[in-house]
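If you read the protein sequences in the order shown, they are chains S and F.
Under the numbering used here, the first residue of the first sequence is numbered 135, with each subsequent residue one higher.
Under the numbering used here, the first residue of the second sequence is numbered 92, with each subsequent residue one higher.
In case anyone wonders, no lab produced these hints; they're calculated from the structure.
Fair warning: there could be bad hints in the mix.
Unchecked claim - Just a few of them, taken from the derived set where beta-carbon distance is under 10 Å, the chain F residues facing chain S:
#1 F100
#2 K101
#3 T167
#4 E168
#5 Q170
#6 N171
#7 L177
#8 C180
#9 I182
#10 P183
#11 E314
Every residue, glycine too, gets a C-beta built ideally from N, C-alpha and C.
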Amino acid sequence: MMGETVLIAEDIFRDYGCLHALNGINLRVEEGEFIAIIGPNGAGKSSLLKIFTSLLSPTKGTLQIFGTKGNDREDVQDRIGMLSHDTFLYDNLTARENLLFFGKLYGMEHAALAERCDYLIRKVGLWKRAEDPVKNFSRGMKQRLSFARAIIHDPSLLLLDEPYTGLDMNASSLMENLLMENPAVTKIMVTHDLDKAFRLCSRLLIMEAGNIVHDVAANDPNARNFAEAICSSSGGQFKC
Amino acid sequence: MLKGLNIAFKDLKIESRAREIFISMVVFSLLVLIIFSIAFSDLLSSASKTATVASGVLWICFIFAGTLGLNRTFATEVQNGCMDALKMCPIPRNSIYLSKVIFVFLLMLLVEIITIPMFSVLFNYQFTGIIWVGIVILLGSFGFVVVGCLISALVIRARAGEMLLPVLLLPLSLPVIIPAVSATSGLLRGEDIFSLMSYIRLLVVYDFVFFAVSMLVFEYVVED
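Chain S on its own, in the form it takes in the complex (with noise of 0.2 Å):
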């Protein structure tokens, strides 16, 4: 499963003015791994995924995505894939309209998005509400459209940000299945889940006040004990 190495983080350090996020993470990532980036609140996981995703520049360090560096990295922005709480979707566009408009920035060629399109609905359960705007749509069904939404290009990267705030059991269920649908798919989610994040995943990064105080294989026999031991703690960041 292993082949090319996805993500290369190098010293990355992220300040907020006097609040240090990020302390130095290094990190590697090779294609295929499904890493759960698990911590208390305020141990710099949400800042991670976001330089991840370019919406963050790092305050010092260097990131390497798919080999590209820095500030090219327009370059490979259709091959990241980004699925958070907020669910990145137009509220008076129709779910067809959504995906579309996200697959034509994507530079996706009509006839492939559209059938794209169609096929994706029906993957996430939404085939008979395609024409409706996502506005009366459920807490659910908005999450498994922006799902749609996230994979509409087709990314070999697939960072997700608490994906399943404020879903039910089945929502959730059918959203497990989809996110293992595609093994090829590397996936970096960063969840609270503790549960969801050693059935789903095979990496855990453990965090803390914006280090990565442990790196362990999901079937590790101490895994969890440490994400319990840090997840229970109050967390925090390191200031000035």
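Add chain F to chain S, keeping to what the hints say.
Leaving out everything else, chain F in the frame of chain S:
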């Protein structure tokens, strides 16, 4: 950059359904016209006196209606985190800015197309030299939108951003408002276009410089 035009089409599609921004701009503009037509009712008998106040009345309508539009232009992007989704797409970030300029400029044009005939009716005024007046209004509106979209992006996530926008925008857009009002006023009073060329040149330069600068700095404005 052309991919960014999809964002403008998307905004127009959303606005055609929600009609939140356009309706408020038109209603505001018409209310201002009605209030001024009542306040200046003594002037309505004289075309020359109406011409004196026409430029000010029209530009008050355009500028404040435009501010209403600018206040809402990035609101759809902030809702549900869509701005982040756009920033993650493989498009130059300034194409987001360009699309917003196109969107608000079109809205302003539509409002102006409605406002000018309404002014004519309410103030009993016959426009002369409408082509040059139109050109001045186009140049002035474009300059105003160019700066407005940048400021709007800047304040969108600020607390009380809607209050902040006019406070920052109006002083910054004075270099476009002053020549636009002066040139419109001159044209409506029947002055020769060549005597007003300095204003028009100023508008062209302002539009060009601020558009170029905004395209360059927008990426940093939307950076977290």
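Results for each hint:
1. At its closest, the beta carbon of F/F100 sits 9 Å from a beta carbon of chain S; the interface hint therefore holds under the 10 Å criterion.
2. Hint status for F/K101: holds, given a least beta-carbon distance of 5 Å to chain S, under 10 Å.
3. Given the 10 Å rule on beta carbons, the hint for F/T167 holds: about 6 Å separates it from the nearest Cβ of chain S.
4. Given hint, F/E168 at the interface with chain S, holds; its Cβ is 9 Å from that chain's nearest Cβ, closer than 10 Å.
5. Contact between F/Q170 and chain S, as hinted, is supported at the beta carbon level, the nearest pair being about 7 Å apart and thus within 10 Å.
6. Contact between F/N171 and chain S, as hinted, is supported at the beta carbon level, the nearest pair being about 5 Å apart and thus within 10 Å.
7. Interface restraint check: F/L177 against chain S, minimum CB-CB distance 7 Å, threshold 10 Å, status holds.
8. Look at F/C180: its Cβ gets to within about 4 Å of chain S, closer than 10 Å, so that hint holds up.
9. Taking 10 Å as the C-beta cut-off, the interface hint given for F/I182 holds, the closest approach to chain S being about 6 Å.
10. Annotation: interface hint on F/P183 holds; nearest CB of chain S at approximately 7 Å, less than 10 Å.
11. Interface restraint check: F/E314 against chain S, minimum CB-CB distance 7 Å, threshold 10 Å, status holds.
Consistency note: the structure conflicts with none of the earlier hints.
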